[in-house]
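> Generate coordinates for the entire structure from the input sequences, incorporating the hints supplied.
Chains B and D, in that order, are what the protein sequence lines are. For reference, each letter of the first sequence is one residue, going 1 to 238 in our numbering. For reference, each letter of the second sequence is one residue, going 239 to 463 in our numbering.
Where hints are given, some of them may not hold.
Said to hold, decoys possible - Within a straight-line C-alpha distance of at most 25 Å, the following computed DMTMM-like cross-link-like pairs (lysine to aspartate or glutamate) qualify:
(1) B:110 / B:89
(2) B:67 / B:22
(3) D:260 / B:88
(4) B:110 / B:71
(5) B:67 / B:114
(6) B:67 / B:6
(7) D:260 / B:71
(8) B:67 / D:364
(9) D:289 / D:401
Treat the hints as calculated values from the structure; they're not laboratory data. Values in this document were obtained by computation on a predicted structure and should not be read as measured data.
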Amino acid sequence: MTQAIELNQVWKFYGDYAALRDCTLSVHEGSSCALLGRNGAGKTTLLRILGGLTHFQRGVVTLFGEKPRAENARRHSGFLGHGIGVYEDLSARENLHFFASITGNSSNVKALTDTWLERVGLSRVATMPVRQYSRGMRQRLALARTFIHSPRILLLDEPFTSLDDRAIAMLSELLTEARQRGATIVLSTHQLREALAIASHVALVENGRLRYTGERTQEMLDDPTLLYRLHTQLGVPE
Amino acid sequence: MSLFSQAFAVARKDLAVELRTKESLNAAGSFAIVILVIFSFAFDSFSDEMKEYGGGLLWLVFAFAGALVFNRGFARELPNECLDTLLASPLSGAALVIGKAFANFTMLLVVELVSLVVFGIFYNVDWLGQAGWLGAVFALATWGVSILGAVFGALTVNLRLRELMLPVVIYPLMIPILIAAIELTNIVLTRRSISEDMQWVKVLVASDIGFTGLAWLLADTILVS
Chain B
1 MTQAIELNQV
11 WKFYGDYAAL
21 RDCTLSVHEG
31 SSCALLGRNG
41 AGKTTLLRIL
51 GGLTHFQRGV
61 VTLFGEKPRA
71 ENARRHSGFL
81 GHGIGVYEDL
91 SARENLHFFA
101 SITGNSSNVK
111 ALTDTWLERV
121 GLSRVATMPV
131 RQYSRGMRQR
141 LALARTFIHS
151 PRILLLDEPF
161 TSLDDRAIAM
171 LSELLTEARQ
181 RGATIVLSTH
191 QLREALAIAS
201 HVALVENGRL
211 RYTGERTQEM
221 LDDPTLLYRL
231 HTQLGVPE
Chain D
239 MSLFSQAFAV
249 ARKDLAVELR
259 TKESLNAAGS
269 FAIVILVIFS
279 FAFDSFSDEM
289 KEYGGGLLWL
299 VFAFAGALVF
309 NRGFARELPN
319 ECLDTLLASP
329 LSGAALVIGK
339 AFANFTMLLV
349 VELVSLVVFG
359 IFYNVDWLGQ
369 AGWLGAVFAL
379 ATWGVSILGA
389 VFGALTVNLR
399 LRELMLPVVI
409 YPLMIPILIA
419 AIELTNIVLT
429 RRSISEDMQW
439 VKVLVASDIG
449 FTGLAWLLAD
459 TILVS
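Right, here's the structure in full:
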């Protein structure tokens, strides 16, 4: 099976502090990996390294065999961080048009924009500036922005946090679709049930180390806190 | 998608945001007008000598007004973590910086045009007859300062004192461009031929090519922490 993502003995330091310590992880193409762990464990740092947003000091990271900053790697990845990543002074249409145009689909930018506006239910307010949107509308726009170029790798940092019901349903649907078309998903989360329902694999991060990596089992679904109880010294997060 | 198409998309997006908010244009434009008006009271602005100093005054104003424009360039990407989104996208670092420089360039040219009108009125300088040459000089010099502003805007965007740090860092590097621009502007305003002092044109062209090349090469290193 092809490896979509590979981390080999990766270390990341902020000054003297090691945010990631000797992390090794492989994610097969088409699988979905839930990064679990307490706040400050290193999940976001790991995702930022995969997204090419930050350097690391030791180790090797590849996305489809290329470095995270390689153009080919970035062309095939979609990143949703803590911020929604859209411009408040532009309309939803202008935002999506911009992101569609920089992802390389120059021939069908308009059609793609219209399709996604319809899909996330923002067609009627497409020309309004985003600053006038409700929180839920912004979240849906952020989802459209992330998925608009049908990325082969999805890097999602706590994607369920503070989403409204409609956005949660939309994200779950988009993730299911992405899996069906063979996309690889890495998501960090505190929402154990939602994450484990989507994940085919789990990786447990504690103090910058990967304590456990493996397939998601039925036992984990039955008891989402099992993983923490078995593999961490700190116990189940609140 | 080519680097230039991506850069064009970034510039178009920045200019669209600016047209909505007008935060850079209002700040830089009003600053430029106020300084030109105040200096017109401080000096004998109707003397013939003013044409000799006009270039210096104008480029001093443009340099300070430019810092206001450049500071907003990358700061505009901070809300909602838009900069991270752009860096994780297929957009190349070079396209991002060059796109920002092009947006800076356009905004600064607008400020320069407004300033020239004020300069013409308050200093009794008829520059309309020389508009072509003046436009060429302004375009060459403005691209140089704009690309510098974009590169160092990217470098200082995450600093707490970026409004202070950006001018401190870029002004020393702007010196060759500013000297050349001042000399050429004075030549044009005094209706002498630019061919007398072609070395200043060469300085501007070399600065533009050099700084654009550096931006191209170093963009990714500057942008990713």
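> Please go over all the hints and tell whether each is borne out by the structure.
Structure-based check of each hint:
A distance of roughly 20 Å separates the Cα atoms of residue 110 of chain B and residue 89 of chain B; the hinted pair therefore holds under the 25 Å criterion. For the hint pairing residue 67 of chain B with residue 22 of chain B, the CA-to-CA distance comes to about 18 Å; that is within 25 Å, so the pair holds. Restraint check for residue 260 of chain D and residue 88 of chain B: the C-alpha separation of about 14 Å stays at or below 25 Å, so the hint holds. Distance check on the hinted pair: residue 110 of chain B and residue 71 of chain B sit about 23 Å apart at the alpha-carbon level, within 25 Å; holds.
For the proposed pair residue 67 of chain B and residue 114 of chain B, the alpha carbon gap of about 33 Å is over 25 Å, so the pair is violated. Between residue 67 of chain B and residue 6 of chain B the alpha-carbon distance is near 10 Å, which keeps this suggested pair within the 25 Å criterion. A hinted pair counts as satisfied when its Cα atoms are at most 25 Å apart, and residue 260 of chain D with residue 71 of chain B does not qualify at roughly 33 Å. Distance restraint check for residue 67 of chain B and residue 364 of chain D: the Cα-Cα separation of roughly 57 Å exceeds the 25 Å cut-off, and the hinted pair is therefore not satisfied.
Restraint check for residue 289 of chain D and residue 401 of chain D: not satisfied, since their Cα atoms lie roughly 32 Å apart, outside the 25 Å limit.
Checked against the numbered hints given earlier, the structure breaks hints 5, 7, 8 and 9 and satisfies all the rest.
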